[in-house]
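Given chain A, work out where chain B with the ligand should sit, using these hints.
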Amino acid sequence: MINVLNAKLRSIPAWAVYILGTLPFLWLVYLLFSGGLGVDPVKALERGVGLIGLKFLVAGLAITPLRKFLGLNLLKFRRAVGLLAFFYVSLHLTVWLALDIQFFWGEIWADIIKRPYITIGMGAFVLMIPLAVTSNNRVLSKIGPVRWRRLHALTYPVLILAGVHYALIGKVWQIQALVYLLGIVILLLTRVRFAKCCSWIWQKVTPAT
Amino acid sequence: MAKRFKSDLKHSDVTPQKHFLNRRNLIIGAGVLGAGAVAGTAFGTLGAKPAVAEGALDLTPNTLKEISSYNNYYEFGASKTDPAKYAHTLTTDPWSVKIDGLVEKPGTYDLADILKNADLEERIYRFRCVEAWSMVVPWLGFELASLLNRVGVQSKAKYVAFETLFRPDEMPAQKTSVLDWPYVEGLRLDEAMNPLTILASGLYGKELPKQNGAPLRLVVPWKYGFKSIKSIVRISLVEEMPPTTWNTVGPNEYGFYSNVNPEVDHRRWSQASERLIGGGIFAKRQPTLKFNGYEEQVADLYTGMDLAKNY
Ligand code: HEM
Numbered sequence: 001m002i003n004v005l006n007a008k009l010r011s012i013p014a015w016a017v018y019i020l021g022t023l024p025f026l027w028l029v030y031l032l033f034s035g036g037l038g039v040d041p042v043k044a045l046e047r048g049v050g051l052i053g054l055k056f057l058v059a060g061l062a063i064t065p066l067r068k069f070l071g072l073n074l075l076k077f078r079r080a081v082g083l084l085a086f087f088y089v090s091l092h093l094t095v096w097l098a099l100d101i102q103f104f105w106g107e108i109w110a111d112i113i114k115r116p117y118i119t120i121g122m123g124a125f126v127l128m129i130p131l132a133v134t135s136n137n138r139v140l141s142k143i144g145p146v147r148w149r150r151l152h153a154l155t156y157p158v159l160i161l162a163g164v165h166y167a168l169i170g171k172v173w174q175i176q177a178l179v180y181l182l183g184i185v186i187l188l189l190t191r192v193r194f195a196k197c198c199s200w201i202w203q204k205v206t207p208a209t
Numbered sequence: 001m002a003k004r005f006k007s008d009l010k011h012s013d014v015t016p017q018k019h020f021l022n023r024r025n026l027i028i029g030a031g032v033l034g035a036g037a038v039a040g041t042a043f044g045t046l047g048a049k050p051a052v053a054e055g056a057l058d059l060t061p062n063t064l065k066e067i068s069s070y071n072n073y074y075e076f077g078a079s080k081t082d083p084a085k086y087a088h089t090l091t092t093d094p095w096s097v098k099i100d101g102l103v104e105k106p107g108t109y110d111l112a113d114i115l116k117n118a119d120l121e122e123r124i125y126r127f128r129c130v131e132a133w134s135m136v137v138p139w140l141g142f143e144l145a146s147l148l149n150r151v152g153v154q155s156k157a158k159y160v161a162f163e164t165l166f167r168p169d170e171m172p173a174q175k176t177s178v179l180d181w182p183y184v185e186g187l188r189l190d191e192a193m194n195p196l197t198i199l200a201s202g203l204y205g206k207e208l209p210k211q212n213g214a215p216l217r218l219v220v221p222w223k224y225g226f227k228s229i230k231s232i233v234r235i236s237l238v239e240e241m242p243p244t245t246w247n248t249v250g251p252n253e254y255g256f257y258s259n260v261n262p263e264v265d266h267r268r269w270s271q272a273s274e275r276l277i278g279g280g281i282f283a284k285r286q287p288t289l290k291f292n293g294y295e296e297q298v299a300d301l302y303t304g305m306d307l308a309k310n311y
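Protein sequences appear in the order of chains A and B.
Heads up, the first sequence is in my numbering, so the first residue is 1 and it goes up one at a time.
Heads up, the second sequence is in my numbering, so the first residue is 1 and it goes up one at a time.
Chain A extracted, bound-state conformation (with noise of 0.2 angstroms):
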């Protein structure tokens, strides 16, 4: 059942992913003009974007657990997922930066030192930018698979930045935000090796019986 799955994913070639993926923000756009986005078009396109974003990182974040727990291989599509992940962060940033505080330096400047979510997001954002300009086959066989690896490993410091990011910004706390966090975590659990780390810890914590 999952090999003809697999078998069935591997047809779809990558470039597929790029065009569905953009398919989301033509939508924001539509609604944009359509008058859809509420009365608040700022915001709504604001958070729209940032929310896919974090669609995308969740994503590409599970794609290693869905092979080693389901067998199911996405993984050929997660260069796509990554970029597109990147490609609606750094348009969250920019409406954030045109059309929400439009340029307004000082506070800018402020708000990413002194506000925590702010200062957080920026975080995710400028650690998201060594993974995007390497992920491409070029710098990969440049950098050989290795040190690519390590480089990537960011990925799991973004996933947390992000999730925190969002979890910090409601006036109260948002289930949903909470819902994203505590699934990133679960993910990232995923990727510890249990063997090394977590069957030490395990057995402190049990009491013997």
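Source of the hints: derived by calculation from the structure; they are not laboratory data.
Check before you lean on any hint, since a few could be wrong.
Listed next, the in silico DSSO-like pairs over lysine-lysine satisfying Cα-Cα at most 27 angstroms (straight line) [stated by the list, open to error]:
(1) A:LYS43 / B:LYS309
(2) B:LYS290 / A:LYS171
(3) A:LYS43 / B:LYS290
(4) A:LYS114 / B:LYS156
(5) B:LYS98 / A:LYS43
(6) B:LYS98 / B:LYS175
For chain B with the ligand alone, kept in the frame of chain A given last:
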């Protein structure tokens, strides 16, 4: 005064003519009662106060659609589009307001009775949310002071406490614990008696939409929007500073006073500027004004107070 009416004319296009003329009379009346302090209406600010920052003077009211589709009313959900979707379930008739505490004539007052005795007038006020967006709203209401005077405030009273309806069957989010219900707010007595402070029962000359706090809400234009408590069922005069909902949620983010102040930031964002809703995607940010532009009318309530500490 003459100037006031000049700027007033700006809005004749959005206000039904009959009502508009009415309003003029009523404002004159209020001016007499309030011993001139009524310069506090938005018109007064516009005409009499050239010192306010450029670019923030636009007092063209937002459309009814804008005002009634973008609301923070957590009883109906935490998203700003929730109230417009869900508030229709609220029963606002019959409605009564319990007035108690340090008053001469405590009791449960029927809304009709309160409104019958009220001098309803239109007040076009700037509305500044703590989330750094703003609107301009043509409220229909009356001065809170007139109601308080009617019930008689005892001399020991120092604060006024307000309470929103608690009815989880009709206010779905009250079944959750996003906030401690019922929503409560408070003002110092002198703030409550200021002629700028009104109880509003209408918008654009009509009944208040339910998502805007029908049938009766507070409007304190120089404070962040959450101070202007909605769907009021109880007003108590008290001696001690009463608890207020957002202050309970985050004491270091939301103070009791919560006066609009561009110099005192929210812990998580700047309050120096705001986005005026309704300008579309390229609407320009505008500087936030101290006391939301009503400095002249209310600053003396706070003389000698450190506003950075008493935020
Ligand atoms: C990996 C990077 C980032 C991700 C995944 C991300 C994601 C999000 C998400 C999911 C939201 C909330 C959407 C909602 O409420 O539905 C949001 C809101 C926001 N983000 Fe980001 N973000 C990132 C980086 C940034 C950066 C770099 C900035 C600015 C420097 C920023 C500024 C904001 C702002 C201003 C809001 C809106 C807050 C409000 O509701 O008023 N974000 N972001």
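Query raised in the report: Would the pair A:LYS114 and B:LYS156 pass a check requiring their Cα atoms to be no farther apart than 27 angstroms?
Result: At roughly 43 angstroms apart (the allowed maximum being 27 angstroms), B:LYS156 and A:LYS114 break the hint.
Report task. Measure nothing beyond the straight line between the CA atoms of A:LYS43 and B:LYS309; if it is 27 angstroms or shorter, mark the hint as holding. Result -> violated (30 angstroms)
Query raised in the report: Is B:LYS290 close enough to A:LYS171, meaning Cα to Cα at most 27 angstroms?
Result: holds (23 angstroms)
**Report entry** 27 angstroms limit on alpha-carbon distance, applied to hinted pair A:LYS43 and B:LYS290
**Finding:** holds (24 angstroms)
**Report entry** Restraint check for B:LYS98 with A:LYS43, where alpha carbons must lie at most 27 angstroms apart
**Finding:** violated (39 angstroms)
Report task. Take the C-alpha atoms of B:LYS98 and B:LYS175, compute the straight-line distance between them, and say whether it is at most 27 angstroms. Result -> holds (23 angstroms)
Checked against the numbered hints given earlier, this structure breaks hints 1, 4 and 5; the rest are met.
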